[in-house]
Amino acid sequence: MYRYDEFDTTFVRQRVDQFRDQVNRRVSGELTEEQFRPLRLMNGLYLQLHAYMLRVAVPYGTLNAAQMRKLAFIADKYDKGYGHFTTRQNIQYNWPKLPDVPDILDHLADVEMHAIQTSGNCIRNVTADQWSGAAADEVEDPRPYAELMRQWSSLHPEFSFLPRKFKIAVTGAQADRAAIAYHDIGLRLKKNGSDEIGFEVLVGGGMGRTPMIAARIRDWLPKQELLAYLEAIMRVYNLHGRRDNKYKARIKILVHELGAEEFTSQVEEEYTRIDAPRVMPPAQELERIAAYFAPPAFDDLQDDSPKFMQHEEEDAAFAQWVERNVAAHKQRGYAIVNVSLKPVGGVPGDASSDQMRAVADLAEQLSLDEIRVTHEQNLVLPHVRKQDLYRLWQELKKHELADANIGLATDIIACPGLDYCALATARSIPISQDISNRLGDIARQREIGDLKIKISGCINACGHHHAGHIGILGLEKRGQEYYQITLGGSGDERASVGEIIGPGFSSETVTDAVETIVDTYVGLRQNGETFIEAYRRVGPDPFKEAVYAAH
Amino acid sequence: MAKKITGPQVLTANQLSDGMAVFLSNDNVWLTSIENAQFARSEEEATDLEACALPAIRSNDIVDPYLIEIEETEAGPVPVEFRERRRIAGPSVQVTFNTRPNGQLALAS
Ligand code: SF4
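Chains A and B supply the protein sequences, listed in that same order.
Residue numbering for the first sequence follows our numbering, starting at 1 and increasing by one per position.
Residue numbering for the second sequence follows our numbering, starting at 1001 and increasing by one per position.
Do not rely on the hints blindly, as some may be mistaken.
Claimed, not checked - Derived list of chain A stretches under chain B, where covered just means 3 residues or more per stretch with a C-beta under 8 Å from a C-beta of chain B:
# : stretch
1 : 18 to 29
2 : 49 to 62
3 : 197 to 209
Unchecked claim - Partial list, computed: chain B residues near chain A (C-beta under 8 Å):
#  : residue
4  : Ala1013
5  : Leu1016
6  : Asp1018
7  : Ala1021
8  : Ser1025
9  : Arg1041
10 : Arg1083
11 : Arg1087
No lab work stands behind these hints, which were simulated from the structure alone.
Backbone N, C-alpha and C fix where the C-beta goes; we use that ideal spot for every residue, glycine too.
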């Protein structure tokens, strides 16, 4: 994985020192809250409903064991023994105290982590496919490009005061596990007819109050031209983005208002004006970055492990876990393990410090010291020998990390909502817990099959409800929470925005409505159709009829 | 100018040090409980109450003060707005760990 060079180390340490000074000046009254607020936000520190919240960046979702142990240490020493993994592949601490934050940042810097670029109108932490560098279906590891973009965008003077925040996601596979079509810029590495690798470029996707699927503005961009082309996109945005209206300031609105064709031609025109060699990094720099992401020292193994196959045959619970949580690896004899942070009735994405330490130990022993955070709020051990899977599963079970529910009804995304978030209009977590308890029987979940339920506690859509097969948006009316349901959203390579099915539901009835929707699907599906396939065939009507007849 | 109000108000803020919600009490002390909060019942009183935040802002004890409307009940003052009720109640989920929350929805912090 990427290691800081001298510049990175100095820069991060300096930022910690500066922030320590700023906190001291705030506490002593030298800085007012108005002066301090933008400074703390630049360092990932928010003031939420009940406490401060510190958002720590996990660049492209990649961590090693030492970093995860440090996160656990911080959770114990400065918080309440847990952390919350988010849909941005970050971790949030919900209870830090202001005077402690500089120390927390210092500890993070010890393991080359920080909380910079997790807030503000800048290019945020770049996200990536959580299986990068491991997935069998990947044409190339996208993380060196994510790192390149991180370096290019960090503190870039032209991009530090954009009209709004800006999010980039990148994948190296056809199957989209990074929801690239829902980002300001989505990038997919792919091969052309001559077997060369380049980028497909999508622009203008987003969630929030105006959900949009990104438009493809380039089918093929030679990969060495990436930064120059991105600069052209950013310039068009910087020039024409709506700074006058916060709700219209994201690039998706610009793409929408100009039309994808006009936007594309403006970018292409700008691109001809860019001095590409100036923007493009020297080849040695690219190689230097890529070297950090070189494949780890895999053992030369047979693809099949007899030991693994025997356990799979003899232990049905293990076989079920393998079926749902284990994915194909590009290296013979290895597998990708998805570690669920969605115990039935639990809080999506929360991990205790004990669990973090357990995952760190297991990563060190069994996954070549690598861990990933997924935008679906789970963890991944990306490089596990198949022969070690049974042992790993048994260890995960001891820490309640072996739920075999990846991609099933209880693998719910939920944002912090009104249990923590100052912007929330309703709670998300208790709703997700209620649904999880209702649909939690594993046989029933397996019978229902692939289903993505996503819940946001306000229109900002951090819980990605627009991309949920079943999306739930928490709102407030006359002093009560109510929940709007959307159906048919998807964040994968066939991205779509969910449609509202009708009037909302109270917190007491929303789980019933979800269950009715699920039962309706089970009743009408044909030939093993998944929920989303069935929805795309029949549309919303059967679901609406069932839900509103019953409630 | 006097602030338009539609019911009794109390003054709330967040503590600078840890962000906790606090309420100005009858004794002019900032407390984490709303129980003994000072009321403003008229627009003039509301303006006066808001001004009471100044010393604590100046001494860097609180940030972001604002008035909230409450209802007087037998159990004490209850905010009218749902958000404020949740802010007082704290998270409806378990917030100290090391055993997994299995469907426990109503543990206080
Ligand atoms: S969707 Fe709203 S409630 Fe949920 S985390 Fe985002 S801002 Fe907060």
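Hint check:
Check on the stretch 18 to 29 of chain A: 4 of its residues sit with their Cβ under 8 Å from a Cβ of chain B, so the three-residue criterion for coverage holds. As drawn, the stretch 49 to 62 of chain A meets chain B at 4 residues by the rule of a beta-carbon pair under 8 Å; at three or more, the given contact holds. Counting residues of the stretch 197 to 209 of chain A whose CB falls under 8 Å from any CB of chain B gives 0; the rule of at least 3 is not met. For Ala1013 of chain B, the interface hint is violated, the least distance from its beta-carbon to any beta-carbon of chain A being 10 Å, above 8 Å.
Because the beta carbon of Leu1016 of chain B sits about 7 Å from the nearest beta carbon in chain A, less than 8 Å, this interface hint is met. For Asp1018 of chain B, the interface hint holds, since its Cβ comes within 8 Å of a Cβ in chain A; the closest pair sits about 5 Å apart. For Ala1021 of chain B, the suggested interface contact is upheld, since its CB lies about 6 Å from the closest CB of chain A, less than 8 Å. For Ser1025 of chain B, the interface hint is violated, the least distance from its beta-carbon to any beta-carbon of chain A being 19 Å, above 8 Å.
Checking Arg1041 of chain B against chain A by beta carbon gives a least distance of about 21 Å; that is not within 8 Å, so the hint is violated. Evaluation of the Arg1083 of chain B hint against chain A yields a held restraint, the C-beta minimum of about 7 Å falling below 8 Å. This hint holds: Arg1087 of chain B has a C-beta 5 Å from the nearest C-beta of chain A, less than the 8 Å allowed.
Comparing the model with each numbered hint stated earlier shows that hints 3, 4, 8 and 9 do not hold.
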